[in-house]
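Colleague: Spelled out from the first residue to the last, the chains are:
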Amino acid sequence: MYNFTFHRPTTVRQAAGLLARNPEAKLLAGGHSLIPVMKQRLAQPSALIDLSLVEGLAGVEQKGRSIVIGAMTRHADAANSPVLQQALPGLAMVPDSIGDPQVRNRGTIGGSVANNDPNADYPAACLGLGATIITNKRRIAADDFFTGMFSTALEDGEIIVKISFPIAKKAAYEKFKHPASGFALVGVFVSKRGADIRVAVTGAGSNGVFRVKSFEEALKKRFAAKSLDGMTIPATGMNSDIHASPEYRAHLVGVLARRAVAKATA
Amino acid sequence: MAKVSMTVNGKAVTGDVEPRTLLVQFLREDLRLTGTHVGCDTSQCGACIVHIDGIAAKACTTLALQVEGATVTTIEGLAEPGGKLHPMQEAFREHHGLQCGYCTPGMIMSALDIVRRNGNNLDEHTIRDQLDGNICRCTGYHNIVKAIEAGAKAMAK
Amino acid sequence: MSATGIGAPVRRKEDFRFITGQGQYTDDVVRPGETKAAFVRSPHAHAKIKSIDVAAAKKMPGVVDVLTGADLATDKIGNLICGWMIHSKDGSPMKMSAHPAIAAGKVNCVGDAVAVVVAETHAQARDAAEKVKVEYEVLQAVVDPAKAQAKGAPQIHADIANNTIYQWHLGDQKAVDAAFAAAKHVTKLDIVNNRLVPNAMEPRAALAEYDAGTDNLTLWNTSQNPHVARLVIAAFVGMAPEHKLRVIAPDVGGGFGSKIFIYPEEVVCLWAARKLRRPVKWTSDRSEAFLTDAHGRDHVTHAELALDANGKILALRAKTIANLGAYMSTFSSSVPTYLYGTLLSGQYDIPSIYCEVDAVYTNTAPVDAYRGAGRPEATFVVERLVEVAARQMGIEPAELRRRNFIKTFPHQTPVIMAYDAGDYHASLKKALELADVKGFAKRKREAARHGKLRGLGYSAYIEACGIAPSQAVGSLGCGVGLWESAEVRVNPTGSVEVLTGCHAHGQGHETTFAQLVSERLGIPFENVSIVHGDTDKVQFGMGTYGSRSGAVGMSAIVKALDKVEAKAKKVAAYMLEAAEGDIEFKDGKFTVAGTDKSAAFGDVALNAYVAHKFAGADLEPGLKETSFYDPTNFTFPAGCHICEVEVDIDTGKTTIVNWTAVDDFGTVINPMIVEGQVHGGVAQGIGQALLEGAVYDKSGQLVTGSMMDYTMPRAHDLPSFHVGLTETKAPSNPLGIKGCGEAGAIAAPAAVINAITDAIGTEDLAMPATANAVWSALQRAQAPKAA
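Protein chains in written order, with the numbering used here: chain A, 1 to 266; chain B, 267 to 423; chain C, 424 to 1210.
Excised from the complex, chain A in its bound form (with noise of 0.2 Å):
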C-alpha cells in the first residue's frame, strides 16, 4: 500500500469539504473494496477519508413506500433490519449474499454501490428496483445512476448519503456465486411494483449491471416464472474468462431469472 494520509470526519460537509481540498482523496466506508485495491498497489489516494464517524448514515428505515438504506449500513446490519425483511425481504436477500460473513460484517451499501464493480450485488438491487441513490448534492435515479464497469454518475465531491428503494410488492434476487471471489458469477433481480416490472442483472455484461427489457415485457404479461420458460439473452456483450464463457454466463441469466421470479412469487 502506498501511503496517505486519514482523516476522520464527523460531518458529511466537513467530508466534503476534505475532499475539495483532496482532489486525490478517496471516501473510505466499510473499505472491504478499497483497502484490497490499494494493497495490490492498485490504487494511490492521497488521502482518505474516513466516514464511519459521521453521524446518520447508518440505519434502516421505512419512509412511507420506500425503504431508505443509509449509506454506511452495513451488509450483515441491511441483512437482518427487521424493517427490511418485513417491507421488502427480497431486498434482504441481496446483502446476505454478498461476499462472506466478515466481509458482510464491514461492507457497506454506499461503499458498494459508488464502487459499481461489474459483479457487485447492490447495483443488481438498485436498478432491479428502481431506487433512488441520494447524495449530499440531489437525487439520481438507479437507470441514471449506473454508467459503465466501476464508473457512475457521482461527480467529483459528491457523497452517497443513502439510498431509497421503493417498496415493490414482488421481488427477489437469485446469485451464481463466482467459486473463488464470491462476487456474482451472474446475479439477477427481479421486482414487480404495480405495473412496473424490473429485471437487473449484474455480473455478467461486459459493462456492467444492466435490465432485460425482452425478460420485463414477458412477465408484464403474467409475472410467473413460466412467462421466462425457453427465454435467454445474446451472448453478446457478456463477460468472458476463464470462468464463464458469454454463452454460459447468458444461458445462466434466463435460468437464475426464472428462479427469481419463482421465489419473488412463493
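Possibly wrong hints are sitting among the right ones.
As the list claims (entries may be wrong) - Counterexamples of contact, computed for chain B against chain A with all Cβ distances above 12 Å: (1) Lys-350; (2) His-352; (3) Glu-360; (4) Asp-389; (5) Lys-419.
Said to hold, decoys possible - Cut-off 27 Å, straight-line C-alpha distance, at most; resulting in silico cross-link-like pairs (DSSO-like, lysine-lysine): (6) A/Lys-220 - A/Lys-192; (7) B/Lys-269 - A/Lys-26; (8) A/Lys-226 - C/Lys-852; (9) A/Lys-177 - A/Lys-39; (10) A/Lys-263 - C/Lys-1047; (11) C/Lys-1047 - C/Lys-1012; (12) A/Lys-39 - C/Lys-556; (13) B/Lys-412 - C/Lys-1076; (14) C/Lys-570 - C/Lys-1047.
Worth flagging that the hints you see were computed from the coordinates, not collected in a lab.
All values derive from a computational prediction rather than experimental measurement.
A virtual CB, placed ideally from N, CA and C, is assigned to each residue, including glycine.
Starting from the known structure of chain A, fit chains B and C onto it as the hints suggest.
Modeller: Leaving out everything else, chains B and C in the frame of chain A:
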C-alpha cells in the same frame, strides 16, 4: 505517523503508526500478538479474523486507524487469564479441527461469530455456509464443522 | 490398547499452542536488527534484461541495499539444482539448465526475481522495489507443454534444444504393441491433468542471520526438510560449509510438497544477511506465492487400455508430456517418471505396460511434487481408463475392477514395483457397503424427479510410499538416500526426548510418535517430547513428504528404542544383580525372569546416568541411542473411494452428496489423525477435480494469480466424509505402517470425474469440472442429437 489507541484483549494500547498500517500488522508487529495470521492478500482466507467491538472482521482489510477507540479481541484473548481454554478452543482440540494450525485462530474467531449470529444449536449446513470467509487447506473442513457444532453447544452450558 | 498407546485416538499434544495463538511460524520469529526483503520480479514471462538501474531505489527511505543477479554472480553464489537424475530412452542424462537465485540477464517466467531490496521495514522495501528500473526486451513465451517442443517454439534456455529436458520411457513397448494388436477392445483417452497451486495456508518465509564472530549462518524457513535444505545450500549453492549453516524450520503451516524444495528466496536472504551484516527476513504474500511456489501436476497424456472380450486387461500404454516450468525444481524430474510411470499398473494384474514421458521447459513457474506427486496423475489415467472401458463394454465398473484385481502377493508389476501386501477386494467390498451402492438406482430416480442428474464414480487407487529403500531410489537416479534417523534420549528422570529427522507441518508427529514411545517404554505419554526441525538439534534427516514419516521415521524410532531397551537391560542387570539374559522388559518394568525382582524404567534411567552400579570399563554410562533406518521396500497403501454426485442440469453445478473412502494404510497409530489426513487429501483431490486450475494466458501471465480467481475449496464445497479402514500390514517395516498422507489426493480426482461423467452420460469432460465446464459438456453431448 499517526497515533492510534484501542483496547486489545482487555488492555488499553497505543501506537504510532503510518496511516497505511493494517490492523493485522499493528497486532502482529507492534503488539507482537502473532496468533493472528496472514494467509492471503485478497480478503479471502480468514486467517486474520479478529473481533472488533464483538464482531468478526478481517484484520488484513482494516486499517489500524479505522479501529481507533474500539475493543479488539484476538485469539490470544480467548482463554481465561488462569489458562482455562474457551469452549470453542477446547472443541477444536477435542474434534481434531486443526492440523498445521495456521488457519486455526481465524477459524475459531469466525466460529464464535457464527454462534453470535446463529445461536448455539448449529446444523452442518449452516456451519459450512457461514464458514465461507475461512479457508483451510489441511482438514477438508470435516472436523472443523464438528468442532464448531460441539463448541457452540458447549458455550451454552 | 492403552488410552495413549498405538491405535488410540489421542488428542494432539501440539494443539494447545495453535488454538491459543502461540504457534511460532517463521514470520513470527523476530531477530534484533532485522531487516525486510522485497523482490523485484519480472512482469514478463520471457524477456532479456537489457539493464537494471538501482540508483533511485537505493536512495529511498530506509533502504539498506539493493542487490541484483550480477552481485550474486560476483559473490560466486551457486545455482539451485534438481537432485534426481533421469536418463532419456537413448541413455543420455537429463538436460538441466542453470537456475540462479536471481535472474542473470534473462527472465523465464513471470515472477522471476530480478533484484532484491533490503530495507528497515516491509513497506519501505516495497516502496523502493518499485523504483528499481528494469529494461526488458520481451520475447515470445510458451506456456503449453504440448507446444513447447514444436518447431519454432521459443527457446527458453540456450543450452536446451526443443525445451526438452528428457524423453523417458518405462516398460516393454514390443509386448504392449503385440497385446494391443490382439485385443478385443481398446479404450483411448486424452487427459489433461490440470496444473495446481499448492497454497499451504502459511505463505513461504525465510529469515537469515549471520554471526560474524563465529562465521555461522542461521536460516529460519518454512521447510518440510531442513536438513536437505542445508545440504543443498551448502554443497551446491556453496553458501557456507554445512557445519557453518543451521537451518530451523519451526512451526510450518502446511506444505503439501511445496515446502520440500529449496527456493531462491532462502538463498538470497542468507547471502544478503552475511553481506549486509543484518538479519534479513522475507515473507511471501499470497500473490507472490502464486507466482513463485512450485506448482503441481500439469500433464498432457494420451492413454490406451487393451482388454480381451471378458474385460481382462491385457496391456496399458501412455504417452505423457510433463510441464516442469521455467526451471527444474529440487525433485521435479522424479515426479512424472518414477513416481508416475511405476504406478500405472494400479491395483490390476496387467501383463504389459509401456509409458513414455517427455519433460519440457515452459515459461511458467516451476512444477514439482504436490500432495501425491505423480501418483494422482497415474491413478487418474488408470481409473479413468478402467471406468470408461467398463462403460464401453457394458460391464459393471466394480465388476471389471474385480476381474482384474491382483489377488496374490508379492506381485511384480511390469513397471518396477513389487507390491508386497494388499487386499483390494476387501476395500472395494467395504466401500460398496458404506456407500450403499445397492440403493443408488433408487436415489438416482429420486434425483431425476427434482431435475438433478446423479452419478457414481469409483477410484481404486494404489500408491508407493516411504519412497525408499535408498539403494532402490539411488538406482533410479535419486541424489540422496531416503532412510530416516532417530535419536532417543532418555533423561535421568526417565522422561524421553525423541529427535527425528522427519518434520511435522500438520501431521501430528508430536502426538503419534509419542504414542509409539510411550507404549513401547511403558512411560506416561506426557513424559515424551518429540523434537524436530532444527539441524543443530537433530543430526540429520530427510524430512516429511511422500507419506513417509510413519513407515520410515517411526521405524527409525523403533530401531532406536530397541537399542535403548537393550542398553537399559544391561543397566537393570547390574541393578538387580542378575544375568542380562534373564532381564525381561514389559509395561515399563524390568524384571528378572521368574522372580518378583524388578526395577521401573525411571529407576533404570537414573542408574544409567549416576552409574553407581557398574564400572565404566564394563558399561558406558548414559541412555541415549541413535538409529538410521532404511526400509526393505516401498510401502503400498491402497483403497477404494466412491463419490456420488448430483448435477444441476440448468447450471451444470456439481454437488458431492456422498463420499466414501476405504483405505488400507497398514497399522494405524492414531485413527483420529489418520482420518484427518484422509479428509484433507480428499478435499485437495476434490479441489483438483471440481474447482482448482492454474491458468496462464498465451503471453505467460498467470490468470489465476490470487484466491479471487483460483478457487480454493471452501467448507460449503465439500461434504462430510465416510471413512473406513481395512488392514494388511506392510511387511517392509517393523510397525507394518504404509502411510496415509497422500491417499485422498491420489484417489479423489478420478472418483469425482467418474461420478460426473456417469451422471451426464458423456466422457468429454476435463478438470476442473466447473459448473460452466459441465454445462458445456452437456450442451456438446446434446448437440449431435439435436442436429
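Colleague: Each hint: holds or not?
Modeller: Cross-check of the supplied hints:
no.	hint	result
1	Lys-350	holds, 27 Å
2	His-352	holds, 19 Å
3	Glu-360	holds, 24 Å
4	Asp-389	holds, 16 Å
5	Lys-419	holds, 20 Å
6	A/Lys-220 - A/Lys-192	holds, 9 Å
7	B/Lys-269 - A/Lys-26	holds, 21 Å
8	A/Lys-226 - C/Lys-852	violated, 47 Å
9	A/Lys-177 - A/Lys-39	holds, 24 Å
10	A/Lys-263 - C/Lys-1047	violated, 71 Å
11	C/Lys-1047 - C/Lys-1012	holds, 18 Å
12	A/Lys-39 - C/Lys-556	holds, 21 Å
13	B/Lys-412 - C/Lys-1076	holds, 26 Å
14	C/Lys-570 - C/Lys-1047	violated, 57 Å
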